[in-house]
Amino acid sequence: DAGVTQSPTHLIKTRGQHVTLRCSPISGHKSVSWYQQVLGQGPQFIFQYYEKEERGRGNFPDRFSARQFPNYSSELNVNALLLGDSALYLCASSLTGSNEKLFFGSGTQLSVL
Amino acid sequence: GQSLEQPSEVTAVEGAIVQINCTYQTSGFYGLSWYQQHDGGAPTFLSYNALDGLEETGRFSSFLSRSDSYGYLLLQELQMKDSASYFCAVRDWGAAGNKLTFGGGTRVLVKP
Numbered sequence: 001d002a003g004v005t006q007s008p009t010h011l012i013k014t015r016g017q018h019v020t021l022r023c024s025p026i027s028g029h030k031s032v033s034w035y036q037q038v039l040g041q042g043p044q045f046i047f048q049y050y051e052k053e054e055r056g057r058g059n060f061p062d063r064f065s066a067r068q069f070p071n072y073s074s075e076l077n078v079n080a081l082l083l084g085d086s087a088l089y090l091c092a093s094s095l096t097g098s099n100e101k102l103f104f105g106s107g108t109q110l111s112v113l
Numbered sequence: 114g115q116s117l118e119q120p121s122e123v124t125a126v127e128g129a130i131v132q133i134n135c136t137y138q139t140s141g142f143y144g145l146s147w148y149q150q151h152d153g154g155a156p157t158f159l160s161y162n163a164l165d166g167l168e169e170t171g172r173f174s175s176f177l178s179r180s181d182s183y184g185y186l187l188l189q190e191l192q193m194k195d196s197a198s199y200f201c202a203v204r205d206w207g208a209a210g211n212k213l214t215f216g217g218g219t220r221v222l223v224k225p
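Line order of the protein sequences matches chains E and B. One point on numbering: in my numbering, the residue at position 28 of the first sequence is 28, and numbering is uninterrupted. Numbers in my numbering are just positions in the second sequence, counted from 1, shifted up by 113.
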C-alpha cells in the first residue's frame with residue numbers, strides 16, 4: 001500500500017505569490033494534518049481535517065488555508081508568500097482524528113525568494 | 114498555550130543506553146507521542162502513551178507520568194542507524210481544537 005504522498009516535492013516561489021500543496025493520505029485514513037517544519041526545529045501544527053471538517057487550527061495567519069476533499073485528499077494554500085514561509089511542509093494522515101499515531105509524507109520543500 | 118522541553122542534543126556510543134526527557138505544559142492533555150526523524154526524512158511514529166507507565170517496543174521504551182507532566186524515551190542497545198532527531202509531541206484539545214504539538218527535538222548522535 002502507498003504511504004502518504006505529497007506534491008510537489010520542491011517548489012520555488014517569490015514573495016507575494018501564492019502556492020498550493022497537495023496531499024493524498026494512506027488509503028482508508030480519514031484525517032489529514034498539515035505541519036510546517038523549519039530546519040532544526042520541530043514540526044509546527046497548521047491544520048487538521050477529519051471527514052472534510054476542520055478539527056484543529058494552529059497559530060498561523062489567515063494567509064494559510066486548507067481543505068479536504070471527499071476522497072480525503074487535502075490541499076494547503078498559502079497566499080501572499082513571505083520569505084519566512086520558506087520551510088518543509090509536512091502532511092500526515094491518521095485512521096481517525098485522534099492524533100494518536102500519525103503517518104507523515106516526505107514533505108514539500110518550499111523556498112520563497 | 115502549550116510548551117514542551119527536551120534536550121537539544123545527546124551523544125552516545127554504540128551499544129549504550131540513552132534517555133531523552135520531555136517535560137510539557139498544556140491543558141486538555143490526552144497523551145504523549147514520540148517520533149524519529151532522520152536528516153532529510155519524514156518523521157516516523159515510535160510510541161504513544163496515554164496512561165502513566167512504561168510502554169516497550171523492541172529496543173525503544175517510552176514512559177509517562179501525567180502528574181509530573183513528564184515523559185521519556187529510552188533507546189537501548191544503540192545502533193548507528195539510531196542517529197536521528199527525536200521529537201516528543203503532546204496530543205491535546207483546546208481552543209484551537211484537536212492538535213498535536215511537537216517539541217523542538219533532540220538530536221542523537223551515535224558514535225562507533
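A couple of the hints might just be wrong.
Only some residues are given here: those of chain B computed to face chain E with a beta carbon under 10 Å [to be verified]:
#1 Pro-120
#2 Tyr-148
#3 Phe-176
#4 Phe-200
#5 Gly-216
Hints in this document: simulated from the structure, not taken from any laboratory. By construction, the Cβ of each residue, glycine as well, lies at the ideal position given by its N, Cα and C atoms.
Should the hint that Tyr-148/B touches chain E count as held when the rule is a Cβ pair under 10 Å?
Nearest chain E Cβ about 8 Å off; hint holds.
Against chain E, is Gly-216/B within 10 Å by beta-carbon distance?
Result: holds, 5 Å to nearest chain E Cβ.
Supplied contact hint for Phe-176/B, tested at 10 Å Cβ to chain E
violated, 17 Å
Does the nearest C-beta of chain E fall within a distance shorter than 10 Å of the C-beta of Phe-200/B?
holds, 5 Å
Quick check on Pro-120/B please, does its C-beta sit within 10 Å of some C-beta on chain E?
Pro-120/B check fails; min Cβ-Cβ to chain E is 13 Å, beyond 10 Å.
Against the hints set out earlier in the document, violations occur for numbers 1, 3.
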